[in-house]
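Following the hints, position chain B against chain A.
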Amino acid sequence: MSEAPELWWIFIAATLTGLILVAAFVASIVIQQRRFLSTTRAFGGRLLAAQEEERARLARELHDDLIQRVAMLGQELEQLEHSLPVNGAGIRLAGIREELHDLAGEIRRLAHRMHPAVLDHLGLSAALVQLVAEFEQLGLRVDMDSALPADAVAPAVSTCLYRVAQEALRNVVRHSGAGRAQLRLRPDGRGVLLEVEDAGRGFDPASSNARAGLGLTSLSERIRLVQGRLSIRSEPGLGTRISAWAPAGIRP
Amino acid sequence: MVEIPPHFYFPIGAGLTYAIPLAAALRSGIGSLPAPLRVVSIYVAVTLVESCVMTWLSIRSIENLWLIHIFTPVEVFLLLLAFARLQVHELARTMILAMIPLFLITWAFLLVTSDSLADFPVYGRTVSALLIVAVAAYTLLVLSQHALTAVTSQPWFWLTVGLLVYFPYLVMLNPLSSALHGRSEELLFTLYRVNAALMIVSNLFITRAILCQKRQSSGGSSSPRLSPA
Numbered sequence: 001m002s003e004a005p006e007l008w009w010i011f012i013a014a015t016l017t018g019l020i021l022v023a024a025f026v027a028s029i030v031i032q033q034r035r036f037l038s039t040t041r042a043f044g045g046r047l048l049a050a051q052e053e054e055r056a057r058l059a060r061e062l063h064d065d066l067i068q069r070v071a072m073l074g075q076e077l078e079q080l081e082h083s084l085p086v087n088g089a090g091i092r093l094a095g096i097r098e099e100l101h102d103l104a105g106e107i108r109r110l111a112h113r114m115h116p117a118v119l120d121h122l123g124l125s126a127a128l129v130q131l132v133a134e135f136e137q138l139g140l141r142v143d144m145d146s147a148l149p150a151d152a153v154a155p156a157v158s159t160c161l162y163r164v165a166q167e168a169l170r171n172v173v174r175h176s177g178a179g180r181a182q183l184r185l186r187p188d189g190r191g192v193l194l195e196v197e198d199a200g201r202g203f204d205p206a207s208s209n210a211r212a213g214l215g216l217t218s219l220s221e222r223i224r225l226v227q228g229r230l231s232i233r234s235e236p237g238l239g240t241r242i243s244a245w246a247p248a249g250i251r252p
Numbered sequence: 001m002v003e004i005p006p007h008f009y010f011p012i013g014a015g016l017t018y019a020i021p022l023a024a025a026l027r028s029g030i031g032s033l034p035a036p037l038r039v040v041s042i043y044v045a046v047t048l049v050e051s052c053v054m055t056w057l058s059i060r061s062i063e064n065l066w067l068i069h070i071f072t073p074v075e076v077f078l079l080l081l082a083f084a085r086l087q088v089h090e091l092a093r094t095m096i097l098a099m100i101p102l103f104l105i106t107w108a109f110l111l112v113t114s115d116s117l118a119d120f121p122v123y124g125r126t127v128s129a130l131l132i133v134a135v136a137a138y139t140l141l142v143l144s145q146h147a148l149t150a151v152t153s154q155p156w157f158w159l160t161v162g163l164l165v166y167f168p169y170l171v172m173l174n175p176l177s178s179a180l181h182g183r184s185e186e187l188l189f190t191l192y193r194v195n196a197a198l199m200i201v202s203n204l205f206i207t208r209a210i211l212c213q214k215r216q217s218s219g220g221s222s223s224p225r226l227s228p229a
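Here the protein sequences line up with chains A and B, keeping their order. Residues in the first sequence are numbered consecutively from 1, following our numbering. Residues in the second sequence are numbered consecutively from 1, following our numbering.
Hints were generated in silico from the structure; no laboratory data involved. Idealized CB from N, CA, C, for every residue including glycine. Take these hints with a grain of salt, some might be off.
Claimed, not checked - Residues from chain B that face chain A, not an exhaustive set, calculated with beta carbons under 8 Å:
#1 L141
#2 V142
#3 S144
#4 A147
#5 A150
#6 T152
#7 V161
#8 P168
#9 Y169
#10 M172
#11 L176
#12 S184
#13 L187
Next comes chain A alone, as it looks inside the complex (with noise of 0.2 Å):
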């Protein structure tokens, strides 16, 4: 430093600035984008389970008290259709049971699809089992290999999953062009792997419009809510493959 000493404490002085001042500028954005990060998923945390909530609750209602009373209707009317002598009126009236049965079915359903009464009291496989079997009814083959004991998983968790393998097997047939899917339940570690695969015509994961049509988005966010994980592998003519990795026991 016996050369020019002054040269020497200006060049230390302006490197120390520079890479302080670009080490606080990089610092500031990754704290404030995690608290920003934090907050949204609090609050998006709050929103699902909310919004879960009142989905179980409709459809509580709908099954406990909307069925009911079309169900006692029904049985009125019956009542009515055989104390009158068979004629039109009577035939009218069996026509009406008949309508009110096929709209006790169309709630029943309604309510299941908001919230399935079978994941609270048999558990995640039980309902998947029935998940399969609705599609199945649309025309898609689905081979299901579930090795998860009924009680394996926290509800929160459950209902994760379950809406995971919803819309993973709903994209199946609206996009995939495929007619048979696989769906694998399997325990994995300390938590729960759902794996839904179809041979299709699978997309490009990196396409941000991909992601915002097949609902990937809210997907990831719901398994993100549960410190799950979700991997998507797809290619174009390659088909697709969803992984939702989800701690069995969390409970938000």
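For chain B alone, coordinates are given in the frame of chain A:
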């Protein structure tokens, strides 16, 4: 056999570290990388070649400062092209692309009027470094506002931070080198040693950006990826 002076070892070694991000890009498959990282891979390849030629000329005591002058517009072109492809706003993308010809005109003007091919590129290189710092900082700021996952899991974060570590130093490197040349050789060498250290850190960050992208591609992560243009 030409003997390399010991004080050249570290700067020469640092120049060769451009091979690290290049190797990462080649291993990931340059074609499979998104457009911005493909351009960055070309940039590190070109910079590696430039470093090698600079070193070769230097150890043979052949004038090599002209190469920095020639390399400056190439560097600006490639980095601004990569940044343009990272932008989420169309206007910002157009503005960044428009900066390329504007810079080329400025560089040519400065070369003719102020800089000399036989001397340090005091003005052209400083303007180019300032431009890259400004665009990198803007990109980091804007993309971090649009990120739905932790910024540290995003390739563009490591890329912009890598460039922000190195290029601010370049703003003062050439004017200082020019001022110190023949006045304080010891400080001049220190200047280039610090430059070499920052270059290594920058290259490690760029490598992290490429590896980060590779992990997302193969793992099919749920995080939003580097936006392809």
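We went through each hint and held it up to the structure:
Annotation: B/L141 was flagged as interfacial toward chain A, and the flag holds, the nearest CB pair being 7 Å apart, inside 8 Å. Hint status for B/V142: violated, given a least beta-carbon distance of 10 Å to chain A, over 8 Å. At about 5 Å, the closest approach between the beta carbon of B/S144 and any beta carbon in chain A falls short of 8 Å, and the interface hint on this residue holds. The beta carbon of B/A147 is positioned within 8 Å of a beta carbon in chain A (closest approach about 6 Å), and the interface hint is therefore held.
Annotation: interface hint on B/A150 holds; nearest CB of chain A at approximately 7 Å, less than 8 Å. Hint on B/T152 holds. Least Cβ distance to chain A is approximately 7 Å, under the 8 Å limit. At about 5 Å, the closest approach between the beta carbon of B/V161 and any beta carbon in chain A falls short of 8 Å, and the interface hint on this residue holds. At its closest, the beta carbon of B/P168 sits 5 Å from a beta carbon of chain A; the interface hint therefore holds under the 8 Å criterion.
Checking B/Y169 against chain A by beta carbon gives a least distance of about 6 Å; that is within 8 Å, so the hint holds. The interface hint given for B/M172 is met, as the beta carbon of that residue sits about 6 Å from the closest beta carbon of chain A, less than 8 Å. Interface restraint check for B/L176: the shortest CB-CB distance to chain A comes to about 7 Å, inside 8 Å, so the restraint holds. Below 8 Å, beta-carbon pairs count as interface contacts, and B/S184 has one with chain A at about 4 Å; its hint therefore holds.
Interface hint status for B/L187: upheld, as the beta-carbon distance to the closest one in chain A is roughly 6 Å, under 8 Å.
The structure does not agree with numbered hint 2 stated previously, though it agrees with all others.
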